[in-house]
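As they're listed, the protein sequences go chains A and B.
Per the numbering used here, the first sequence starts with residue -14, numbered consecutively.
Per the numbering used here, the second sequence starts with residue 2, numbered consecutively.
Check before you lean on any hint, since a few could be wrong.
[Unchecked claim] Okay, derived cross-link-like pairs now, DSBU-like style, lysine-lysine, Cα gap no bigger than 30 Å in a straight line:
# : chain 1 : residue 1 : chain 2 : residue 2
1 : B       : K210      : A       : K59
2 : A       : K59       : B       : K192
3 : B       : K192      : A       : K7
4 : A       : K2        : B       : K210
5 : A       : K115      : A       : K59
6 : B       : K19       : A       : K7
7 : A       : K227      : A       : K244
8 : B       : K192      : B       : K210
9 : A       : K244      : B       : K19
Rather than coming from a laboratory, the hints here were simulated on the basis of the structure.
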Amino acid sequence: MSSTLTPVRSKRSALTKGQLPKYAPYVVLGLALIVGAAILALIGFNAFGWGIVSAILFAAGLVGWSAAVEGSRKAKDKLATCLVVGSFLIALLPLISVIWTVLVNGVPGLIAPGFLTSSMNGVTGVYDNKAVEEGAPVIGGIYHALLGTIQITLVATVISVPVGLLSAIYLVEYGNDGRLARAITFFVDVMTGIPSIVAGLFAAAFFFAVVGPGTKTGAVAAVALSVLMIPVVVRSSEEMLKIVPNELREAAYALGVRKWRTILKVVIPTAISGIASGVTLAIARVIGETAPILVTAGFATSINNNVFGGWMASLPTFIYTQILNPTSPANPDPSSQRAWGAALVLIILVMVLNLGARLIARTFAPKTGR
Amino acid sequence: MTATPLSSSQGAGRAGDKIFSAAALAAGCLILAVLFGVALFLVVQAIPALTAPAAEIQGGEGFFAYIRPIVIGTLIAAVIALVIATPIAIGVALFISHFAPRGLASGLGYVVDLLAAIPSVIYGAWGAAFLAKEISPAYNWLAENMGWLPIFQGPASATGKTILTAGIVLSVMVLPIITSLSREIFLQTPKLHEEAALALGATRWEMIKMSVLPFARPGIISAVMLGLGRALGETMAVALVLSSGALTASLITSGNQTIAAEIALNFPEASGLKVSTLIAAGLVLFVITLGVNMIARWIITRHKEFSGAN
């Protein structure tokens, strides 16, 4: 064969010589899946192991082929691509696994009659033992915890939004990037990193010192959550106020409008969609906090509508106590069924809040006129 | 509306201005006061534990003997979390910023943000009910084959509720933090640097190695530090996943404890000096995380001044 002289018959031109054909990844992927399945068949098949082995085989095969045809630089590029895509797939695994686990375990709890409308008041281990041994329905629900979560979060929002929004207004409109403004910005950033349990301990220590030792109420928990929520509200509102075009402010000033009326009537309405979505995201962040509520509001089994008196249940602490201290230590299954049901409700709440934030931001976005 | 005299409306406007700016200033100062108050009240409530005779503290050997093992346990869990999360998070951030198709990138970013949205107690429940069970055969294998390493010394925990499992759960929780921060830094890489590298014939990986990573290094470091802050303070994942005990070198047996989990497990039933001891432990945690966060923020601020020149 005098291949160097005869014109190349194949479709591959001189330009694409020394490159892997376009179909190369698919071929390698197919081979990797088949070989992976064969290897797993030898040592006992499971889907997870198949995925891992095939992924390794795919990366090795593609990089090896590329090294042979294209040289080491291209092969390194392929290897990096494989690693980057692989790390993304690995990051997806826990997300899928968590959501799947919560769905599978949570649905039986959620559809149990009275789960959303009854509390744990009077539900003792006796009933749980009966449910396991005699097949009686699992009773008891999360009504009290749902109420507690809503009340605590509401009070926390009422505290955090004015403080957070006003601070953001100070930073953007009055601070002039002075020393105080920079100090506030820095410490707001630092505050976002406060461990949630330290925020809870702060609220507890504060109320222990001011009201009396052992004070545990919904209000204390709300203060703890505000400590976590304020920095989030400040940051998001600040960003939103900053992107309000300066021309709007100047136009208002030119009409002789006072600064505070400019802020209230021009700046905030323009930024309101972003602020609202930021607040919603902040609520989504604190609604799932467990540790601060655990040390500030205790846990209750019955409905408590008074934020300022008595222990109060919340969804996260309900999940925590049902798992760690089952109602009936001999038969923890009903408790874990309730815990997973509550987890499903909590995850739905958080996801709805997250989606809501995005919808708010998109629907009420200001028209910039550009 | 009847016409009001000009001067009075101006007076009202001026008062409004004053009240409003004072309120904004007060809110800003309140934030500083809260952070100061956190430190102050923790110190005040912790003093009894710090000054109490050694025999009265849990363990009977004083506060520092009590806090030392759980500080080390906290660091172990956080280091495991970072060792696992950092490379994956950087990979994910690179995938979203430079590898994924443009149209998909923001959607994929949202998927990673979902990881951050899941409440910590649910991660804890998942780690305890699912991950610990699934991973315990791997621990047995490690104990049999790698047992000569002190960190994998057997016998492995039968339930899988070990500090390594807790560290893995923590790594899932810090992953979105590191990812979203590094992604933002990667996207800020000057386009001209990237295009110059590509124009010189660099492959995509060489372009990233030469222009993106050097530019983003301080940002990555601070993102990892912020992830460290989160991992140090995370409570529920450890409280639910780890079956705690005395400090041990082996990562695959039950044992070790972290500060946050120690507080969460004991605070609800604590009273008297025990409350004070736990608040003092919280103070230690607060100081550690505050230090880590301040260093991270300082790096970011310094980096901002540099990148402004580009």
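Numbers of the earlier hints that this structure fails to satisfy, in rising order: Those not satisfied are hints 5, 6.
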